[in-house]
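Asker: Protein chains in written order, with the working numbering: chain A, 1 to 251; chain B, 1 to 251; chain C, 1 to 251; chain D, 1 to 251; chain E, 1 to 251; chain F, 1 to 251.
Since the hints were made in silico from the structure, they are not lab data.
The reader is advised that the hints may include incorrect statements.
For chains that are exact copies, the list does not tell them apart, and a pair is met inside one copy or across any two.
Restricting the straight-line Cα-Cα distance to at most 30 Å, the calculated cross-link-like pairs of lysine-lysine (DSSO-like) are [said to hold, decoys possible]:
#, residue 1, residue 2
1, 145, 245
2, 135, 229
3, 229, 145
4, 145, 57
5, 229, 245
6, 236, 57
7, 236, 135
8, 76, 57
9, 76, 229
10, 76, 245
It should be emphasised that the depicted structure is a prediction, and the values quoted were computed from it without experimental measurement.
Chain residues, written in single-letter form:
There are 6 protein chains.
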Amino acid sequence: MNVRIENMDWMTYRDRVGNGECKVAIPVGAIEQHGPHMSLNPDVLIPQHIACQVAEKTGGMLVAPPIAYGYKSQVKSGGGNFFPGTTCVSSRALEEYVYDVILAFVEHGSREFILINGHFENSMCLVEAADRAVKHAQLSGVEIKVILLSYWDFISEATIEMVFPDGFSGWAVEHGGVLETSIMLKIHPELVDMSRAIDTPPAEFPPYDVFPPNPDWVPDSGTLSSPTKATAEKGKWILDECIAKMSETFR
Amino acid sequence: MNVRIENMDWMTYRDRVGNGECKVAIPVGAIEQHGPHMSLNPDVLIPQHIACQVAEKTGGMLVAPPIAYGYKSQVKSGGGNFFPGTTCVSSRALEEYVYDVILAFVEHGSREFILINGHFENSMCLVEAADRAVKHAQLSGVEIKVILLSYWDFISEATIEMVFPDGFSGWAVEHGGVLETSIMLKIHPELVDMSRAIDTPPAEFPPYDVFPPNPDWVPDSGTLSSPTKATAEKGKWILDECIAKMSETFR
Amino acid sequence: MNVRIENMDWMTYRDRVGNGECKVAIPVGAIEQHGPHMSLNPDVLIPQHIACQVAEKTGGMLVAPPIAYGYKSQVKSGGGNFFPGTTCVSSRALEEYVYDVILAFVEHGSREFILINGHFENSMCLVEAADRAVKHAQLSGVEIKVILLSYWDFISEATIEMVFPDGFSGWAVEHGGVLETSIMLKIHPELVDMSRAIDTPPAEFPPYDVFPPNPDWVPDSGTLSSPTKATAEKGKWILDECIAKMSETFR
Amino acid sequence: MNVRIENMDWMTYRDRVGNGECKVAIPVGAIEQHGPHMSLNPDVLIPQHIACQVAEKTGGMLVAPPIAYGYKSQVKSGGGNFFPGTTCVSSRALEEYVYDVILAFVEHGSREFILINGHFENSMCLVEAADRAVKHAQLSGVEIKVILLSYWDFISEATIEMVFPDGFSGWAVEHGGVLETSIMLKIHPELVDMSRAIDTPPAEFPPYDVFPPNPDWVPDSGTLSSPTKATAEKGKWILDECIAKMSETFR
Amino acid sequence: MNVRIENMDWMTYRDRVGNGECKVAIPVGAIEQHGPHMSLNPDVLIPQHIACQVAEKTGGMLVAPPIAYGYKSQVKSGGGNFFPGTTCVSSRALEEYVYDVILAFVEHGSREFILINGHFENSMCLVEAADRAVKHAQLSGVEIKVILLSYWDFISEATIEMVFPDGFSGWAVEHGGVLETSIMLKIHPELVDMSRAIDTPPAEFPPYDVFPPNPDWVPDSGTLSSPTKATAEKGKWILDECIAKMSETFR
Amino acid sequence: MNVRIENMDWMTYRDRVGNGECKVAIPVGAIEQHGPHMSLNPDVLIPQHIACQVAEKTGGMLVAPPIAYGYKSQVKSGGGNFFPGTTCVSSRALEEYVYDVILAFVEHGSREFILINGHFENSMCLVEAADRAVKHAQLSGVEIKVILLSYWDFISEATIEMVFPDGFSGWAVEHGGVLETSIMLKIHPELVDMSRAIDTPPAEFPPYDVFPPNPDWVPDSGTLSSPTKATAEKGKWILDECIAKMSETFR
């Protein structure tokens, strides 16, 4: 609990970041449908959980309040922006918001930031926000470093094989499927109701996107593959690996 | 718990908002110092708490994930943007973000929104976001209504007299003072440490602002008046009144 | 007259500001209805008048051409943006315009600016413009100082008691009422026609705003309180106090 | 006097524009050096004067408060943006400001607007503002028409020959020269001091621009040709022609 | 040749698109280093070539002038934005430019657009541009459809096996490698000099990005894998497949 | 051929620009109708051709890929934005795009840029882009110089007399007329079909613009004067002069 910035009083926080050597992790997620068996916030809660665990393990790192609303869900990665509950913002809004948040933390003394992304579609907005923040800080003579990661990039093939013993359908369709559901079962079981999980074959898409999106491309459930084989144990394997690797990397 | 949108699955949410008659309350706050005795997030947690209570009482209302980072803290209302921990964004970023969030909810079918503000400085950004969202929706033939309120405007003089039996120093200096501290003692006592509360006379300011701000204008503690007489009971009086009046108004 | 920048030739102006010690006051107003008894420009003319008087009294200060179109009128402070004649701009436009104007004057050598606001709704746009201008100047190694004030904040309670011998209905409803009308009677009697002043009780509003605004909330005349007791003498009292205090402060 | 919108009360204004058939002229100028013999505001005062005269002659037209700060002065048309007193804004700021002002007047009922430009460099910003305003109004089902003119385009060759009996050096160098000075002598003699007028040969420029601008390209006085032969009578000839032609055109 | 819009006169073009049934393909690329053996423009020339071929095969499709400057090159997909010759723009600039171009073509009558992307990093900017263009057109009552594709997504595994008989190192490192080089050898052999191709093992990257980027992560040559086994024949295989599949899809 | 940046590999380019003394010419054009006898891209091809010739003559200069889509065509200079084939962008998009491109080249080491404009309407967008780029570079301690020119400003009166032996109708109507057509006949005869050239008298316009534009103001052919007397020889005269003068100026 003592790594979450928002829960500290300002003097305590100041004493933690004042020397400039404390890293700040900023979880960035989305409010997005993840099937009828799961809440709308896995993309927020998972990176926040990982960030807190990594911060506790490494020391020298604090966790900022997550940025909850992310960039527009796309059909082939998140089911599409037309689902009720999928509540997303434009690239401009997200980019400006993240850019401002990074630079606000720079003012407090921190020089190294880790954007922990939980929503694929955020990626390029975060690239631009990070790039602009680094360059703006340089204009005022301050060198900062921004790490940008999506937690799933830390999962090894070995873990994938354990989690998907019957074969992995590929990252592209891991939206609301075994991976995210397992993690949520581990960290927020109260937000998952496996009795509502719908068994759906992996979605197949043409090699292009279309605007306005075509809802017929997406399974009715909103997940791009079946979550039915998700378990909390699988979630633990995934988290353990991500948290261990990140902790090692950012120590 | 069942009024928070982010905790619902999308089908449940869809069934609640699909007919367009469900109101959506959006708490908007700030990460801002509130003295050495309190966490950085009262401006987020208080409007979120009130929103949830009102939604439960009234029915027909859901609560969106709060927008955590708000507009830049000003010296005479929030101590100033130079305090460590005060982590704020530009008016453009906040306005765009809120504007996009409102319009995203419009897509789901809701037509009435209540922006519940917990940070004075957000006010004009929310005015602009609401005004633009209403007009943009009109361009596509959709009439929406956006209510904008700051929770403290629902507190009566009678309650003020009860909370401040020795006299009220005025709204202008109620930053991190008895009012906010009492509410936090009631709803999040774990985020308040009254042993660190600093007794400070009400701040006095010249009749203008200056940029860059002058830190000497602000008490060292960051609060603009003394929180030492805050109690959870006072917090309950305030909340009871706000929640009751809003529930009556928005039912 | 010799304090208004626009009326000088450039060499005279250069000789006044070239050493960087001359303050520049920038009046910012609005074109906004103020009842059927008064022109649309009190929010422009009053701060411009005050600025000129202060500049003449203090020396070392010049007055820029006023920024005439201000931020959107709000129901509870200016009657609302739907009145014919109320001609307002977005926060983005006002902010950018003021920001650019400040930085243009910085190029001429001045380092201290006083934004003299005559329209409540402009406030936060001016905060953002001032904050950004200060920071942008810093990037190029120039330290500037921007004072932001609304002239009414210099009026004392003693003066209020003199101006409102029967009791003051509060700042919130002082739109087009005794205060502004009295000042205009003093400085621009040709723009006031007291025979058209409408006696209206102080407006009462709910503790929230709504978008789109509800015209029924506002008295038909557009003023939020009655201007019928306005006199030029009262205007003089107010102006004398504001001008004296500002002159003292900014000398 | 009774054509200036800012001097009307809102009910009078409403009665003038409410049927949508009243044209609104919006003068757009600049605060820009015009030599040591003249004030900084000819680009504001001249189009405002012309607008008022045309409005009085034609009826069915009102004049908006001028937009005083214009787009950055360029070396070959206005001497350059580096002169003290030349106080200009970015294209974005001007465009947004004018765009918003037009659309605000649309709300009052007017459907035809005349942007009367007094500063060459404003031209393309006004094109973009007008084009965007027309298209935005169309989105809400409102057809508006925006006329854009620079007053000097109404001056005939015959008048040029009268004003420049010794030969015309060309429009390109008519900044602060005989033309503008003569008009100002006619309408605001108190803002011209011919004893300070500097006799300078017409400026000659290479066939390109350079950024940052080179001050050596510009005569020390800031005018691009000599104002010494300016007279109020010449100003009257020019104004009479412009006003007559515009009145005929826009009646 | 007769499918490139820029080479037509306007009347010919009008006759082709006027009924609204002609598709418009818009190549979007980048100016970006692709190793010492190849020019800076494969990301422009390849999608333009494919677009023209598809247009010729399908009929009912024209090809717009390519958008040459794309979004900032990223280390792990394009080597990074710090290479001399890599000349990229911000997300805002690219998004606005593409958005405007689409809507300009809508004015001519076309209703279906195909953005043919040749630079991975452009992807999310094109998503946003397409999404906004579709929605803006809808506001004015026009339904348009925008297809977004990256040509490499049309390459089958079978072709990959033929092109990489010794094993495929993965899409992630196909920057300036066998794939792009082979295509360029086929369509623009004069822009490839295989004698300068550098044999480099596939690049390996950590599972995150860092800003400012670290040049040490990237092979000195700038390619992320070796281009030495590229041949024009392989280029032909790839192009034949992409062109055939797209032609079938968009006929 | 060896002056076009896009055709170089990055190492060759680096060796040319690395010492900062190599100028970079950036052609900026438009896709715009030029009559039924000519393609849509003279405004792109002409400045690109001139740039390449000047670069070859002077040495120490390279030519960037042209920016093809320019600012909205205006009735009185380009026929208007409503012609099929005229495919233009907003001032914001063009300005941001050019600004970013300049600053990207600055990163490679170049310090002097020449914007070679082929489309009159681009002018003020290029002014703003150049001005902002210069100032932004200064913030990071880099002094750059941006030359902005429209190629036709290098044509002498003597050449005009040769090209128009029967009298010159003026620059204002030289859209798609003898001048541009002659140049295109010289450099891209395959894109001109003189059998389709329409003989039209010089267009005459009122001294103002109107939005939305009135197509009746423009000759049906889209050219503002007759191209029928264009010849490749005249094109050569014009080009020879422009190229010689620019080479002399920028050597």
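Asker: Indicate, hint by hint, whether the structure satisfies it.
Answerer: Now the hints, each set against the structure:
1. 145 with 245: Within one copy only: 19 Å inside, 43 Å across.
2. 135 with 229: For residue 135 and residue 229, neither the intra-copy (45 Å) nor the inter-copy (39 Å) Cα distance is at most 30 Å.
3. 229 with 145: This pair counts as neither: shortest intra-copy Cα distance 39 Å, inter-copy 37 Å.
4. 145 with 57: For residue 145 and residue 57, the Cα distance is within 30 Å only inside one copy (21 Å; across copies 45 Å).
5. 229 with 245: within (25 Å within a copy, 36 Å between copies)
6. 236 with 57: within (16 Å within a copy, 38 Å between copies)
7. 236 with 135: Cα proximity of residue 236 and residue 135: none, with 38 Å in one copy and 42 Å across.
8. 76 with 57: between (35 Å within a copy, 28 Å between copies)
9. 76 with 229: Classified as within; 21 Å inside a copy, 33 Å across copies.
10. 76 with 245: Both, since 28 Å and 20 Å are each at most 30 Å.
Going through the hint list in order, the structure does not satisfy hints 2, 3, 7.
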